[in-house]
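The listed protein sequences correspond, in order, to chains A and B.
The first sequence begins at 1 in our numbering and counts up by one.
The second sequence begins at 1 in our numbering and counts up by one.
Do not take every clue at face value.
In the BS3-like style, the derived pairs of lysine-lysine whose C-alpha atoms are separated by at most 25 Å in a straight line are [stated by the list, open to error]:
id: 1; chain 1: A; residue 1: Lys85; chain 2: B; residue 2: Lys99
id: 2; chain 1: B; residue 1: Lys104; chain 2: B; residue 2: Lys93
id: 3; chain 1: B; residue 1: Lys103; chain 2: A; residue 2: Lys88
Counterexamples of contact, computed for chain A against chain B with all Cβ distances above 12 Å [said to hold, decoys possible]:
id: 4; residue: Tyr32
id: 5; residue: Asp45
id: 6; residue: His46
id: 7; residue: His49
id: 8; residue: Lys50
id: 9; residue: Tyr51
id: 10; residue: Phe52
id: 11; residue: Leu53
Derived DEER-like restraints, expressed as beta-carbon distance ranges [claimed, not checked]:
id: 12; chain 1: A; residue 1: Val48; chain 2: B; residue 2: Ala98; range: 47 to 53 Å
id: 13; chain 1: B; residue 1: Leu59; chain 2: A; residue 2: Lys85; range: 31 to 37 Å
id: 14; chain 1: A; residue 1: Cys74; chain 2: B; residue 2: Ser63; range: 23 to 29 Å
id: 15; chain 1: A; residue 1: Met81; chain 2: B; residue 2: Asp94; range: 31 to 37 Å
id: 16; chain 1: B; residue 1: Glu100; chain 2: A; residue 2: Leu82; range: 19 to 25 Å
id: 17; chain 1: B; residue 1: Met80; chain 2: A; residue 2: Thr68; range: 26 to 32 Å
id: 18; chain 1: A; residue 1: Cys74; chain 2: B; residue 2: Ile95; range: 37 to 43 Å
id: 19; chain 1: A; residue 1: Lys50; chain 2: B; residue 2: Arg105; range: 25 to 31 Å
id: 20; chain 1: B; residue 1: Phe101; chain 2: A; residue 2: Met10; range: 22 to 28 Å
If you are wondering where the hints come from, they were derived from the structure by calculation, not from laboratory data.
Using N, Cα and C, we set each Cβ at its ideal position, and we do this for glycine too.
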Amino acid sequence: MQSVKVANTMELADRAVGFLLSFISLSIFTYYTFWVIILPFVQGDHFVHKYFLPQEYAILIPVFAGVTLLSFLCVFIGYVMLRSKKKKA
Amino acid sequence: QLQQHSLQSSPTTGGDLRQFRYTCNGAHCENHVIAGSDVSYLCWIIAGINFSTGLLYLLPLYSLVSLGCYGLLMVGVGLMFPTCPQESVLLQKDIVEAKEFLKKRGVDVVSD
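Bound-form chain A, shown alone (with noise of 0.2 Å):
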């Protein structure tokens, strides 16, 4: 019975994660869409360039984001591999 309220409670906590992250691209997806397809269409003078970054940091947000995973990635790799070589020393 107990497993039974810990899978559950494990369940809501996986459903309210996944329901995070398929919120989170969406909106990234439809704001990226409409920066970068859209706006280069609509006058210039509209009220809706106001809600929108200039378009160089549509290019530059998402190599910095790139940018930064990857070294983020060579970082955790070069943490663990260094824990492990002063474990055995």
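With chain A held as given, fit chain B onto it using these hints.
Frame of chain A, contents of chain B only:
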């Protein structure tokens, strides 16, 4: 303002790239060159939209970002509607086993 346009294929830039020139109606003569593929030429003819090439150069980055978003979406949807509950228990057991195995071999994996 578009008086005439002539289709010229330039042999140096490859088979797909065509250069379009159109002249203005005003007193001065301007030569504008729009470079693009066949699709942009069609869109230019059909919709009259001035297809800026800056949009074309953003498409690879856009497809990368949308691929990442699609992966995240699939993971989120898979977490929201679980299909194999037994497999998740087995997966947890596999994770514990893998951690033990790695610890024996000397690699210390960070555990939460």
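Identify every previously stated hint that the structure contradicts and give their numbers, smallest first. 4, 13, 15, 18, 19
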